[in-house]
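Enquirer: These are the residues of each chain, in order.
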Amino acid sequence: DAKTTQPPSMDCAEGRAANLPCNHSTISGNEYVYWYRQIHSQGPQYIIHGLKNNETNEMASLIITEDRKSSTLILPHATLRDTAVYYCIVRVANRGSTLGRLYFGRGTQLTVWP
Amino acid sequence: EAQVTQNPRYLITVTGKKLTVTCSQNMNHEYMSWYRQDPGLGLRQIYYSMNVEVTDKGDVPEGYKVSRKEKRNFPLILESPSPNQTSLYFCASSLSGGAYEQYFGPGTRLTVT
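Residue numbers (our numbering), protein chains in the order written: chain G, 15 to 128; chain V, 47 to 159.
Rather than coming from a laboratory, the hints here were simulated on the basis of the structure.
Examples of chain G residues toward chain V, derived with CB under 10 Å: (1) Y50; (2) Q52; (3) P58; (4) Y101; (5) L116; (6) F118; (7) R120; (8) G121.
Listed next, with one range per pair, are the computed distances between beta-carbon atoms: (9) G:S23 - V:P152: 22 to 30 Å; (10) V:N97 - G:A27: 41 to 49 Å; (11) G:A27 - V:K103: 43 to 51 Å; (12) V:K111 - G:D81: 42 to 50 Å; (13) V:I123 - G:I88: 40 to 48 Å; (14) V:T59 - G:Q56: 21 to 29 Å; (15) G:V106 - V:L87: 19 to 27 Å; (16) G:G29 - V:N119: 37 to 45 Å.
Where a beta carbon is used, it is the ideal one built from N, C-alpha and C, also for glycine.
Construct the complete structure from the given sequences, taking the supplied hints into account.
Expert: So this is what it looks like as structure tokens:
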């Protein structure tokens, strides 16, 4: 699985957009980009994933550069409850894969302040 | 409600006293997994199971056992716990090993003295 690089910490004002970057310059053509978050020692929570195209769901948007070497997770209107560690993970995703493990790096500690 | 449950949530025990941490999911998922989380080391996979009676080692399996007799349950067994197994443990499940989304339990904080 490709390695990812994320800033260790970021701040964001409540109500503003939080833009969390991730570099994955060695990503392979069949590897997806995933984002999970972990709120203070709770179980990690899936946020979103993508392969090439930008994706949006009720939680966030994922912007992947054209060369796929980096991506940005966008929380459009951050709230205090979004304070968490955010993990960017790249891995293959196909139904028959036995490689279900997720490699969590150090992630980015996002602090949303009032 | 779709969920992964773990019990107990907190446990303090002594070296050598066998213990089991239970994990159950109600989503009919094929894939289940155990992770441990330690400061500075992130989450590391201990064991995983692709389906009933199919289990395999993850990155840090030493000192642990698992079983998968039923699809919904995946207990983690520590036959002879040691202080270096003091950690925060998470169970996770997903539709398949290659599925996009994994669901995590709330965690079990284990202290071995």
